[in-house]
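These protein sequence lines map, in sequence, to chains A and B.
Going by the working numbering, the residue at position 23 of the first sequence is 289; the numbering climbs one at a time, nothing skipped.
Going by the working numbering, the residue at position 128 of the second sequence is 123; the numbering climbs one at a time, nothing skipped.
Check each hint, because a few of them may be wrong.
Unchecked claim - Below 25 Å or equal to it, Euclidean Cα-Cα: the simulated DMTMM-like pairs (lysine to aspartate or glutamate) are: (1) K105/B - E353/A; (2) K321/A - E303/A; (3) K105/B - D326/A.
Stated by the list, open to error - Some but not every residue of chain B turned toward chain A, in silico, with C-beta under 8 Å: (4) E90; (5) A97; (6) Q99; (7) G103; (8) L104; (9) R162.
Since the hints were made in silico from the structure, they are not lab data.
Quick caveat, the model's predicted, so the values are computed rather than measured.
C-beta atoms are modelled at their ideal positions from N, C-alpha and C, and glycine is treated no differently.
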Amino acid sequence: MFWGSWGMWDDRGMLFSVLVEVSLREGVADPQGATIERSLPHLGFDGVREVRVGKSIRFDLEAADEAAARAEVADLCQRFLTNPVIEDSVITVTEGASA
Amino acid sequence: MAARVGVVQFPGSNCELDALEAVRMLGGEAEILWHGDDTVNGVDAVIVPGGFAHGDYLRPGAIARFSPVMSAVMEFAESGGPVVGICNGFQVLTEAGMLPGALQKNRGLKFLCTTVELRVESTRSALTSEASLGDVLRVPINHFEGNFTCSPETLADLQANDQIVLRYVDNPNGSVDDIAGICNAGRNVVGLMPHPERAISPLLGSEDGVPLLRSLLLQAGASA
């Protein structure tokens, strides 16, 4: 799609930096979080609660505008970056490249 | 004519040869289905084997479900063909939406490599038709993410429709309702964490996997 790609570039135009934070859904057991929480008092850190372990995924995305970028990232999360059965995501979209 | 079983091979699969060998020992024909080919090559049954397909990157099964072969496997299953996902293969089938629920990290965060006891809870599936209800089978497990989880509504559906085919006698990984294996509503797609292909001879410590794989071969013969 050589010539098509120029058109795509024109259509998309803007660059966004995207952060997707993936975490286990409310109510899904988080054995990593529980293990970290249990070990903290042994290290002298008292009063830490509700430890949840997740992952963050960063990338740059070209899109026509912020609404289009958010819609695309939401679709990407639903179909690939998260497993909706057990995971939720929080999406942050910022104008401009990350680097 | 012997039933032909296709065993999917992803980059990172590591139980595909065991599955081939097991099928052949039980009198079936077996062949590898390369993940990059979008066909099941006319086989009568498909096994999605254990391992670490595509390195288990992102989540086990998350990338494997997009391999070209999986659209052919889905089509095969939709037309009633028997499909069994073992261990990583079970994870692939849940990610692909061919089976409900998901597999998460074991309670206790330990990689488990041991032999467990399974109780046959339903004989109405492509993998359990030749087993007897209530039978206890000794079959190895070998997984880190085998803790089956699903929404309360999905669990109620699985229970009501007799889709829980195998349960652990002594739950090793925290799976909800002691679930070791389930089938889809059509009963032709089955996923389980234990490895029946590693329990097919007294030399391997158990031959309790034989009735399970024999069920699959019979189903394959029926659909051939």
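What hints, given by number in increasing order, does this structure fail? 3, 9
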